[in-house]
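Asks: Listed here are the chains, written in short residue letters.
Protein chains: 2
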Amino acid sequence: MNSPRDIAAGQADKRDGASRGSAGVVVALDVGGTRIKAGIIGPAHDVLLDRTRDTGAAEGPDEVTARVLNLVTDLLAEAEAGGHAVDAVGVALPGIVEEAAGRVVLSANLGWRDLDLAARLAERTDLPVAIGHDVRAGGLAESVLGAGRQCRDLLFLPIGTGIAGAMILDGRPYAAGGYAGEIGHLRVHPDGRPCGCGGRGCLERYSSASAIAAAHADRTGEPVSAAEVAARVAAGDPDAVAVWREAVEALAVALAAYATVCAPELVIVGGGLAGSGELLLEPLRASLAARLTFQRVPRIVRAELGDRAGLLGAALLARASTESP
Amino acid sequence: MNSPRDIAAGQADKRDGASRGSAGVVVALDVGGTRIKAGIIGPAHDVLLDRTRDTGAAEGPDEVTARVLNLVTDLLAEAEAGGHAVDAVGVALPGIVEEAAGRVVLSANLGWRDLDLAARLAERTDLPVAIGHDVRAGGLAESVLGAGRQCRDLLFLPIGTGIAGAMILDGRPYAAGGYAGEIGHLRVHPDGRPCGCGGRGCLERYSSASAIAAAHADRTGEPVSAAEVAARVAAGDPDAVAVWREAVEALAVALAAYATVCAPELVIVGGGLAGSGELLLEPLRASLAARLTFQRVPRIVRAELGDRAGLLGAALLARASTESP
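Quick mapping for you: the protein sequence lines, in order, are chains A and B.
Just so you know, the working numbering puts 4 at position 4 of the first sequence, and the rest follows in order with no gaps.
So the working numbering is basically just the index in the second sequence, starting at one, shifted up by 1000.
A portion of the hints provided could be inaccurate.
[Claimed, not checked] On the chain A side, residues computed to face chain B include the following (Cβ under 8 Å):
no., residue
1, Gly32
2, Gly33
3, Asp153
4, Tyr174
5, Tyr179
6, Gly181
7, Arg187
8, Asp191
9, Tyr258
10, Val261
11, Cys262
12, Ala263
Source of the hints: derived by calculation from the structure; they are not laboratory data.
Note that the Cβ used here is the ideal one computed from N, Cα and C, for glycine as well.
The whole structure should be built from the sequences, with the hints applied where relevant.
Replies: In structure tokens form, the structure reads like this:
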């Protein structure tokens, strides 16, 4: 049911993503700045085998490429040894990715620039290869296999060092040439804190794990993690409560804007900060609901796939690449 | 290339919308609160004949329905007299519309509630019938036939008494169950003017034609139209300039949020206020560009189809309804 262009673009469609059976087993990689998560994924989206390796970004982009190519080769050998015929390879990574062309435009974390990654992998493996943006791949996985299974319009919102967004609209990942979903840079305060993007008052400067830790340190002089701030909120510490409230309010401002424009049924919060669970989600639901009038009020839930979302998303992209147009 | 669901939903897809030839001639209506614009539309999206009638909303919802049904019957007769075989009927209207079911949930302007409009028209005409939301239909028409012909990701932004938005994302109209695109209710001032929606600081309270007229009247005591305010801006009147600047800045704040999330290539400004042309668009472009850092900066242009956008969009929906799944 995907249009040829969707397939050409390496985009899976959640409407049929879960039922694809034409590809049996795929090899998937989620290449992060520090570690590569890799796996052999079965037809029921089950992880038959997984491996984690250091990315080696400090040793330069060619070393990262070599590790990715070698890891794929190793996994193909392991699959063969296990009697699995691999149908395709999928890779998720951070940065600007031209999914249709299989090309990495720029990945600052990995040192890659203008890399024909899909072509390199296809040459090595003789298999169909799909590449995709890690957060969008994770959002696809949550929408097909995780917390968003029942929804067509949703936002996957990983909150960690930064804040990203993957938009699933009408059942499809929406990329806008790689520019979509920059929720972390919605301006939540007209003249707020300066942001690394060059703007001011960006959400990321209030509600990311790093911003929460920094705001708490500014206030108390104590350098503790966002997780520790959360623990202190639970214990009723007034400084932690004030920092937390500011982070929650900023998230609600940003989600109110998102709800007004995109009207999702569901917001799936992921990343490290999702670990604080209802301590974050319950006041966020209340603050968002208070800001909306006639708009559709989205449910807000925690992600289900944890740090496997990118890997499972890469597998979905691999699977989609084997579909005939 | 549309998926069956898109067809079932009566949604056209701009990727093939312009090239559809299976339906030759269609009858289209754009039902507004005051007037119904209707026409016989040919295979090249040419208006073969058009008619305008009063909506008759003051006489109650049944009268509006009767006028719509009779107008369609009249046009079918005129088409037959002219030797045109009509393949389908399309109707665009304001309100909450379930396009897939062909049902009007609520149209405050027309007095309709829970009306199976498509079924009523199909019964009368024995033809495929599509219904759609007027602004989204207009956005579809601008994207297929008007200013957005070359773009896949765009926002159609009619600015009149209110401010609406029709989103075309990845070449498809995005509806989110009818809730999408409420740009007029993005909050552009944290504690701004109260809005009829129950919120505060909504864009519509700063940048709609009615808000511009009201702000000018508040400032000067002179009740003049937004068009007159624009004329005074062009003449350098300082009160008019101040009011205009506030309206432009509020639009830029809202479009910056939209660009951060949806990253359109193009914003098409329509509605009455588009009549002021570059007086509006030039400072809007400058203010938006100053607010964006890494985001994709959309082009901002004036709509091309004027008050025929809804009618031509209804014709596109009609045409889509004749496509086999």
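Asks: Are the hints correct? Go through all of them and say.
Replies: Hint check results:
Residue-level restraint check for Gly32(A) is violated (minimum Cβ-Cβ distance to chain B is 21 Å; threshold 8 Å). At a threshold of 8 Å, the smallest CB-CB gap from Gly33(A) to chain B is about 19 Å, leaving the interface hint violated. The closest approach between the C-beta of Asp153(A) and any C-beta of chain B is roughly 5 Å, which is under the 8 Å cut-off, so the hint is satisfied. Restraint check, Tyr174(A) versus chain B: the minimum CB separation of about 6 Å is within 8 Å; hint holds.
The beta carbon of Tyr179(A) is positioned within 8 Å of a beta carbon in chain B (closest approach about 4 Å), and the interface hint is therefore held. The beta carbon of Gly181(A) comes within 7 Å of a beta carbon in chain B, closer than 8 Å, and the hint placing it at the interface holds. The beta carbon of Arg187(A) is positioned within 8 Å of a beta carbon in chain B (closest approach about 7 Å), and the interface hint is therefore held. Because the closest C-beta pair between Asp191(A) and chain B is about 11 Å apart, greater than 8 Å, the hint is violated.
Given the 8 Å rule on beta carbons, the hint for Tyr258(A) holds: about 6 Å separates it from the nearest Cβ of chain B. Annotation: interface hint on Val261(A) holds; nearest CB of chain B at approximately 6 Å, less than 8 Å. For Cys262(A), the suggested interface contact is upheld, since its CB lies about 6 Å from the closest CB of chain B, less than 8 Å. The beta carbon of Ala263(A) comes within 4 Å of a beta carbon in chain B, closer than 8 Å, and the hint placing it at the interface holds.
Going down the numbered hints, you'll see the structure goes against 1, 2, 8, while the others check out.
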